[in-house]
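Asks: As given, the protein sequences belong to chains G and B, one line each in that order. Numbering follows this note's numbering, with no gaps: position 74 of the first sequence is 74. Numbering follows this note's numbering, with no gaps: position 269 of the second sequence is 269.
Don't take each hint at face value.
Covered stretches of chain G (in silico footprint by chain B; criterion: 3 or more residues with CB under 8 Å from a CB of chain B, positions within the stretch not fixed) [to be verified]:
(1) 34-48
(2) 52-66
A few chain G positions that, by computed beta-carbon distances, are all more than 10 Å from chain B [to be verified]:
(3) R14
(4) E85
(5) G91
(6) P122
If you are wondering where the hints come from, they were derived from the structure by calculation, not from laboratory data. No residue lacks a Cβ here, since even glycine has one placed at the ideal position from N, Cα and C.
Below are the chains, spelled out letter by letter.
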Amino acid sequence: MTGSSEEKATRPIRVLVGKPGLDGHDRGAKVVARALRDAGMEVIYTGLHQTPEEIVEAALQEDVDVVGLSILSGAHNTLVPRVIELLRTQGMDDVQVMVGGIIPEEDAQALRQLGVVAVFGPGTETEEIVRFTRSCARGA
Amino acid sequence: MSLGSDILRGDRRALARALTIVENQLPEAEEIVREIAGHTGRAIVVGITGAPGVGKSTLVDRLAGHFLALGRQVGILAVDPSSPFSGGALLGDRVRMEGRGSGVFMRSLAARGHLGGLARATPRAIQLLEAAGKDLILLETVGAGQSEVDVMGYADTTLVVVVPGLGDDVQAFKAGILEIGDVFVVNKADRPGADQTARELRQMLSLGPHKPWQPPVLSAQAQSGAGIAEIGQAILDHKASSERDPEVGTRHVREAERFLRQALADRLVEAAVRRAKAAGRWLPLVEDVARRRKDPVWAAKELAGGEER
Ligand SMILES: Nc1nc2c(ncn2[C@@H]2O[C@H](COP(=O)(O)OP(=O)(O)OP(=O)(O)O)[C@@H](O)[C@H]2O)c(=O)[nH]1
Ligand SMILES: [Mg+2]
Numbered sequence: 001m002t003g004s005s006e007e008k009a010t011r012p013i014r015v016l017v018g019k020p021g022l023d024g025h026d027r028g029a030k031v032v033a034r035a036l037r038d039a040g041m042e043v044i045y046t047g048l049h050q051t052p053e054e055i056v057e058a059a060l061q062e063d064v065d066v067v068g069l070s071i072l073s074g075a076h077n078t079l080v081p082r083v084i085e086l087l088r089t090q091g092m093d094d095v096q097v098m099v100g101g102i103i104p105e106e107d108a109q110a111l112r113q114l115g116v117v118a119v120f121g122p123g124t125e126t127e128e129i130v131r132f133t134r135s136c137a138r139g140a
Numbered sequence: 001m002s003l004g005s006d007i008l009r010g011d012r013r014a015l016a017r018a019l020t021i022v023e024n025q026l027p028e029a030e031e032i033v034r035e036i037a038g039h040t041g042r043a044i045v046v047g048i049t050g051a052p053g054v055g056k057s058t059l060v061d062r063l064a065g066h067f068l069a070l071g072r073q074v075g076i077l078a079v080d081p082s083s084p085f086s087g088g089a090l091l092g093d094r095v096r097m098e099g100r101g102s103g104v105f106m107r108s109l110a111a112r113g114h115l116g117g118l119a120r121a122t123p124r125a126i127q128l129l130e131a132a133g134k135d136l137i138l139l140e141t142v143g144a145g146q147s148e149v150d151v152m153g154y155a156d157t158t159l160v161v162v163v164p165g166l167g168d169d170v171q172a173f174k175a176g177i178l179e180i181g182d183v184f185v186v187n188k189a190d191r192p193g194a195d196q197t198a199r200e201l202r203q204m205l206s207l208g209p210h211k212p213w214q215p216p217v218l219s220a221q222a223q224s225g226a227g228i229a230e231i232g233q234a235i236l237d238h239k240a241s242s243e244r245d246p247e248v249g250t251r252h253v254r255e256a257e258r259f260l261r262q263a264l265a266d267r268l269v270e271a272a273v274r275r276a277k278a279a280g281r282w283l284p285l286v287e288d289v290a291r292r293r294k295d296p297v298w299a300a301k302e303l304a305g306g307e308e309r
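Isolated chain G (complex conformation) (with noise of 0.2 Å):
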């Protein structure tokens, strides 16, 4: 059948799972992956060691609604800005940008004021990183 507004309130949303950077651990990032897709979303998710370039690039071509930046490097404050310069370049500043990791506060509210709408530390339980998306991909 055509498309119907039903059709369109089901629409999943799609996000990004990245790991801009150098560090290996992808655990953190395997575990949101998967739990956002429980909760019926379509996760494209990019793998270890991605450049802000190659990032940016993934969104575009996948138009997702949401990237998540999984950052346990130290180098969230050079990787997050280019990431949002980059989309914003790319005329993508409705994509809205997550960033998980070890952030310390006053980088992380520097990190809000560049237009990060959410940053979770470790101890963050999945249903609130599910629910946020949820809200931001909906009210974007």
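Once you've looked at the hints, dock chain B with the ligands against the given chain G.
Replies: For chain B with the ligands alone, coordinates are given in the frame of chain G:
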């Protein structure tokens, strides 16, 4: 500017948006499809199928690199299963891609309950990539190991990927992969038993009916890139062979027929439901079926009325 003309100009964002639209069967889809209609059907579509973990995505990435180097415009569609419980999906095929940047356009598709190893939107997605100028499209199916026959209908050339190990092979051969492959790849040839697997495959293929194209069995190590050039050549050879042989080169006819059937079915169903609703018959009938007072097939016959005869 319309989305269709943006795609034709090579705007990647427009292409990505349009893929979302056809995937979700949004109303705008029809308009886009109409706009790009004269610019499709030109790519070589290569289906890549095989059991989970045999190395399909790695192979797709290496083939993409190979064809890029030959000056081709490469597009990739990778289908992964949707969870039957949540409807969500984990689309992980990008993990094997070696950062080819914007030189290759790749889209991950969730099967969304569609059987046969592909997503329902696959043929539309192929057309959109073609309109965007892609002339070689690599199509990775769900790695279910069986019932991926769908890929035959969408691809010019179907690659069946297996790995060494007798147990798996016998199972795979049973699942009917011999019939769907135009090119067979024994991947992970760095592992023991690759030669034997290739030999057995060749033997089983030789028992089949004699066809104008005899599917080659090629060994490869996708990870290191060994054997990729030979596979690339086999794809082009198969294409050339099917152009010479009218029996083989009918992807577009099969596709046209399927499109027409689908479009017709959508329209007839919609019209019948609208009529039944207007006559106040729809809800009572649904109720009857739900309460098992009526068989759905019987109820459908009742509604189809005129068209049935
Ligand atoms: N030893 C060996 N491993 C390989 C080779 N090619 C791929 N692999 C590995 O096999 C694993 C699975 O590869 P993928 O390319 O993801 O396989 P796939 O068939 O796409 O998997 P699904 O999409 O999950 O069905 C990865 O760890 C690859 O690195 C090879 O030639 N030799
Ligand atoms: Mg794969």
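Asks: Let me make sure I understand: some of the numbered hints might not hold for this structure. Which ones are they, in numerical order?
Replies: 3 and 5
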